[in-house]
Amino acid sequence: MNDKKPLGRWNWRSMVVQYGLSLLFLVFIAWSHTFGFVPGQAIGRSFTLFVLEMAAFLPFMFVLVGLFDIWVPKEKVMRHVGKGSGILGTMWVILLVMLQAGPLSGAFPVAAMLWKKGCTPFNVFVYLGAFSALKIPMLTFEVGFLGWKFSLLRTLFSLPVFILIAAVIDRSFRAAPFVMKQPEQSNYKATI
Amino acid sequence: MKVLAVATILSLAVSLVVDRRKTIEGVRRAARMFLNVLPSLLTVLVLVAVFLALVPPERLEKILGIGSGPTGYALAAAIGSIALIPGFAAYPLCGLLIQNGVSYGIIAVFITTLMMVGVLTLPVESKFFGLRIALWRNLLSLAGALLIGFIMGIFL
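Quick mapping for you: the protein sequence lines, in order, are chains A and B. Numbering of the first sequence is given in this note's numbering, commencing with residue 1 and proceeding in unit increments. Numbering of the second sequence is given in this note's numbering, commencing with residue 1 and proceeding in unit increments.
So here's chain A without its partners, still in its complex pose (with noise of 0.2 Å):
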């Protein structure tokens, strides 16, 4: 979500490699017209299915996604991250999250630099145990390919789950302290 690649800038390799199954599909499926392949045929149709299907919402949702990245803020609530303890510092964190999106990996770099703000151990593991189930643009798709109920019951499910985690993790810190550090590499730069 935060990959800065420009529009209309087509690297070639790059998207022979990220595509490269999807072609070799196109030609069989070609193969499989031209040579009378039934089962291949049949794949196809189901394929055609499956695209029509997401091109009939996808763009919808992307659309609500971007607007919604671009309107609210999240400089703002960064800003009172880590500062305080207790129930509101947890309360900001759960915010942050919940305007994010993106894969855990990208998770990381935010969770050394709440701990680097001086958020409290319980906080940063809340941050990353939230990260799975209240990103509103992954909830925007989780609702509307696996509907309300579902998705109600999970968050409602995941939040005291992850907060037990966080509390868990929380009481290891303090029999064993430890640094968490943003490795030299910045190639896992936070991104926020």
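Keep in mind the hints are simulated off the structure, nothing from the lab. All figures in this text were calculated on a predicted structure; none of them were measured in a lab. Take the hints with a grain of salt, since some may be wrong.
[As the list claims (entries may be wrong)] With a cut-off of at most 27 Å between alpha-carbon atoms, the simulated DSS-like pairs for lysine-lysine come out as follows: (1) K149(A) / K62(B); (2) K127(B) / K116(A); (3) K2(B) / K149(A); (4) K116(A) / K76(A); (5) K76(A) / K22(B); (6) K22(B) / K2(B); (7) K117(A) / K76(A); (8) K22(B) / K74(A); (9) K74(A) / K117(A); (10) K74(A) / K127(B); (11) K116(A) / K74(A); (12) K117(A) / K127(B).
Since chain A is already given, all that's left is putting chain B on it; use the hints.
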């Protein structure tokens, strides 16, 4: 899905009225995100189309359906822990799996492990937190994901 379309069009209209420049930037961002996820999404759809041809829905339901028991959960947890599928591609995949008879509890385990447990990203994670905490965080998250899946399985 009419709700989604209406919500998007309404948001887009309001956003356009309030700030045109920001709206255009938001739509550009959406397009960029879509282009970034398109290769993985297409790859997932290709794999699912081939997979469903090889494993018919009735078989799939037996392996990952409501009556599949611990094996289904273990399989979902293992795949979710190892795979690196972006969320934007994972949800369409889950939607298709549900349509083909996979149970909601198993999908919950898959989604949660996919987002919380990263076997392949463990080296990266231990650079941040150290190996000990990284291992514990992953193990506890795996247990948590299974717990969430079981509870979801009861409700849905």
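Right, here's what the structure says about each hint:
1. About 24 Å separates the Cα atoms of K149(A) and K62(B), which keeps this hinted pair within 27 Å; it holds.
2. Of the pairs offered as hints, the one joining K127(B) and K116(A) holds, with about 15 Å between alpha carbons and a cut-off of 27 Å not exceeded.
3. For a cut-off of 27 Å, the pair hint linking K2(B) to K149(A) stands: about 17 Å separates their Cα positions.
4. Distance check on the hinted pair: K116(A) and K76(A) sit about 17 Å apart at the alpha-carbon level, within 27 Å; holds.
5. Our distance criterion of 27 Å between C-alpha atoms is met by K76(A) and K22(B), whose separation comes to about 17 Å.
6. Distance restraint check for K22(B) and K2(B): the Cα-Cα separation of roughly 25 Å lies within the 27 Å cut-off, and the hinted pair is therefore satisfied.
7. For the hint linking K117(A) to K76(A), the alpha-carbon distance of about 14 Å falls within 27 Å, and the restraint holds.
8. Annotation: proposed proximity of K22(B) to K74(A) holds, straight-line Cα distance about 15 Å (limit 27 Å).
9. This hinted pair checks out: K74(A) and K117(A) have alpha carbons roughly 15 Å apart, not beyond 27 Å.
10. Restraint check: the Cα-Cα separation between K74(A) and K127(B) comes to about 26 Å, which is no more than 27 Å; the hinted pair holds.
11. Taking the CA atoms of K116(A) and K74(A), the gap is near 18 Å; set against the 27 Å cutoff, the hint holds.
12. Pair hint K117(A) plus K127(B) holds up; C-alpha atoms about 19 Å apart against a cutoff of 27 Å.
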